[in-house]
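Assemble the whole structure, with the sequences as input and the hints as a guide.
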Amino acid sequence: MNRLIAIFFGMALVNNMVLVKFLGLCPFFGVSKKTKSAVSMGIAVTLVMLVASAVTWPIYYYLLVPYGVEVMKTVIFILVIASLVQIIEMAIKRTNLTLYNALGIYLPLITTNCAVLGITFINVDQSYTFWEALVAALGAGSGFLLVLLIMSGIRERLEYADTPRAFRGSPIAFITAMLLGLAFLAFKGMI
Amino acid sequence: MSSFWKNLTKGIVKSNPTFILMLGLCPTLAVSTSLDNAVGMTAAFVVVLVLSNIIVSAIRNYVPDRVRIPVFIVIIATLVSVVDLMMQGFMPALSKSLGIYIPLIVVNCIILGRAEAFARRNGILDSIADGLGIGIGFGVAIFLISFIRELLGTGKLELFGFKLFSIPGLDQNPAAIFLFPMGAFLVIGLLLALFRQLGVSKYE
Amino acid sequence: MSQAIAVVLLTVVGFAMGLAIFLANRLLPKEDKTLEEAARIKEFLPGADCGACGYPGCFAYAQAVAKDKQVFVKNPCPTLSQDKEGMKRLEEYLGLKAETKVGKKAVVHCTGRSEVIADYHGVTTCAAAVQVASGYKECPYACLGFGDCVAVCPTGAISIDPERRVAFVDWEKCIGCGQCVAACPQGLIELVPGDTPQYLGCNYQSLRDVPGRKRCPDGCIHCHICEKVSNGAVGWDEKKDLPVFTQTPVPTAIEKCPRKIIKKTVAYTEPEEEETAAVGS
Amino acid sequence: MRKSEAYPVLFLTFVVLVAVVVLTLTNSITRDKIALAKKQAVAEMLSALFPNMDSFTYDDKTGTYTILADKTTIGYAFTAEGRGYGGPIDILIGLKPDNKTLQGIRIISQQETPGLGAKIVEASFLDQFSGISVDQVKLARNGGKIDAITGATISSTAVVKGVRNAIEQRLGKGGTG
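Residue numbers (this note's numbering), protein chains in the order written: chain A, 1 to 191; chain B, 1001 to 1204; chain C, 2001 to 2281; chain D, 3001 to 3177.
If you are wondering where the hints come from, they were derived from the structure by calculation, not from laboratory data.
Worth double-checking, as some hints may not be accurate.
In silico lysine to aspartate or glutamate, EDC-like type, Cα no more than 16 Å apart, as pairs [as the list claims (entries may be wrong)]:
| # | chain 1 | residue 1 | chain 2 | residue 2 |
| --- | --- | --- | --- | --- |
| 1 | B | K1096 | D | E3044 |
| 2 | B | K1096 | D | D3090 |
| 3 | C | K2030 | A | E89 |
| 4 | D | K3119 | B | D1065 |
| 5 | C | K2069 | C | E2092 |
| 6 | A | K93 | B | D1065 |
| 7 | A | K93 | C | E2036 |
| 8 | C | K2030 | D | E3005 |
| 9 | C | K2264 | C | D2195 |
Shown next as structure tokens:
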């Protein structure tokens, strides 16, 4: 049981997808302007990670490995993720259009979100069991959500700080991300 | 022909993928630690992006809107895997240096971004132009970032093995932070601010 | 041979994914038709998302109108009613006429001449400045002039008088959306009907300690003269201890006010003769 | 045909089919070429480790290369894996015939931070492993012969641990193999 907890916090904090492994940066910068869209993106990504891990794990161990076609890993995994994203995009579009407009281009881009594909690869590289893979996905997703929340909180305050004109908007966001990255280094030895 | 040229130049500065569109940051950060990496990544990236734009734009009228994302991304992933295998098989030397970048291309948001935003709405010729433009834009951006990061991070600059120049004091104990992705954030942030100051990109 | 089986199985996975999307499309609630209609209506709207119509943003208003056209008739978009021909185009599209309604206007209850007593260096927003001993001016109710209201005003109707550091509203541009009322941390801005002739240029609520005179040359001193002279046309807000003006112009009160703090609006019209006859002592 | 509900599903399946077929073809074309390339890479590394090697045999039961110089065995080699900072590190270990002293090691693949962890591929670090005995394969600070690369302790320890565990595991399995 504590191995699961170790994996969860390992993925959420120690090897945080965004600030340690530096994956999933496109939506991280794109959506973190407003906390509301940041939270919904975080939840959508966690959902996709969970379901993607649940689907890709069996495909890998019961289909790719027995037939020795691991080479197809990339194509098949990304197909699964893309289909999930397509379903979620339809669901969000039909239920909550304002949220759909808030996420904009970044919703389809979850498909190429390095973090989502990253977690499916990690599940396989670390040869996690099925439940470990799900916990890892949950950890990675909550880590992504946590960092997105922190970033959007900071960026909303930055609107009011009198940053020099050239730095307003994305430049100051990058520098904030650097500082966050340094802070997350502190988790290095935790697990 | 002029639209070809317009699309090409647009991608380099006006909608530069890394600095303006801010896409494809994951590989850019991971790879931009040396000039060789930058050149290698750009070469592999341009090939895949142009091919992807061609195929996507060729089948754009047949792709039903509901499954457009899975279809595009399967095409991109297959392209990348084919290029990777071909390279490992027929050009092992090149693959040894470029090897690790090719899988990174699959998760590069720019390619699907361009397929989604451009290729599925325009003709093949324009898509090629857009692919080349964005590819070169990406190359320029990643070369610039790698230049700064390698110079500060290791104190010396090398391109394909022969030394360009090195800063005497710095190459003994360089600022290693620049080799970490955090350094990349700093460099990109400062460059963005610099472009704003020089009027290249608009203020926010 | 095993390659062939792999190919077949992987294609089955592809098929399964396609099927999942197909089922999702079938099971999820159909894209409701009003959404397209709402999108079309939104094209006509100014898109300021100001909330003057009472809906959270233009798209929500468009959705409401798409569902029931009467919403547009009874509660036309105030911002759009400013631009006559834009309004006409929407009316033609919807095929019905909107009732004309007198829009609301914003007023700032402060002339800003309260003396500056501190040199404030901090986050340049009223919301932040007010937390530091309620502002850097002598009067705790004074306008701080950092423009929180200017920032939220969709039509740029509010501007700041630089040396007095106070906000004032241009009624031409004001659409009465009320965003500024919420934005002002001092609660100085109030929405009044478009035809209100006058308003009080001060929001100094008597603290029963130091009279308004010392805090600001324009400060109201709660002498009730405006109430007495206009025999009922001016009420009194006991809680705030300030006069409450109505639609009827009160020239005597304006002239009699010892602090000359009752300000006329652009909608002010001189009343007929007999009104001024009833002069109280 | 295009309007029917089923068209998207069939289209996606068709695309996946084409993708999978194309991939399988390229895979089969390049499979043996890649194997060949890998073999050459290993051969190069082995000859770097054992300069006077002229041939080697591979016994895949124990995963050991036996290095021969005109018929006499001049050493053994096998691969090991260390858990580095950026991910797994594949190491090629060369042992002298006595199975006690190391001929040397080479890094087959690694994803350590360039400029820091990646320095484990440099000769200055690798040569420390040549000619030392198995139990000396420890970091200098805990009594061994290997000084870690400054600023890359995680990568250095990963290599040392990887080498040590692999050798101990192999010796445990009745050494000569």
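Going through the hints against the structure:
no. : hint                : result
1   : B:K1096 <-> D:E3044 : 14 Å, holds
2   : B:K1096 <-> D:D3090 : 15 Å, holds
3   : C:K2030 <-> A:E89   : 14 Å, holds
4   : D:K3119 <-> B:D1065 : 49 Å, violated
5   : C:K2069 <-> C:E2092 : 13 Å, holds
6   : A:K93 <-> B:D1065   : 14 Å, holds
7   : A:K93 <-> C:E2036   : 12 Å, holds
8   : C:K2030 <-> D:E3005 : 14 Å, holds
9   : C:K2264 <-> C:D2195 : 11 Å, holds
Hint check: a violation occurs at hint 4 only; the rest are consistent with the structure.
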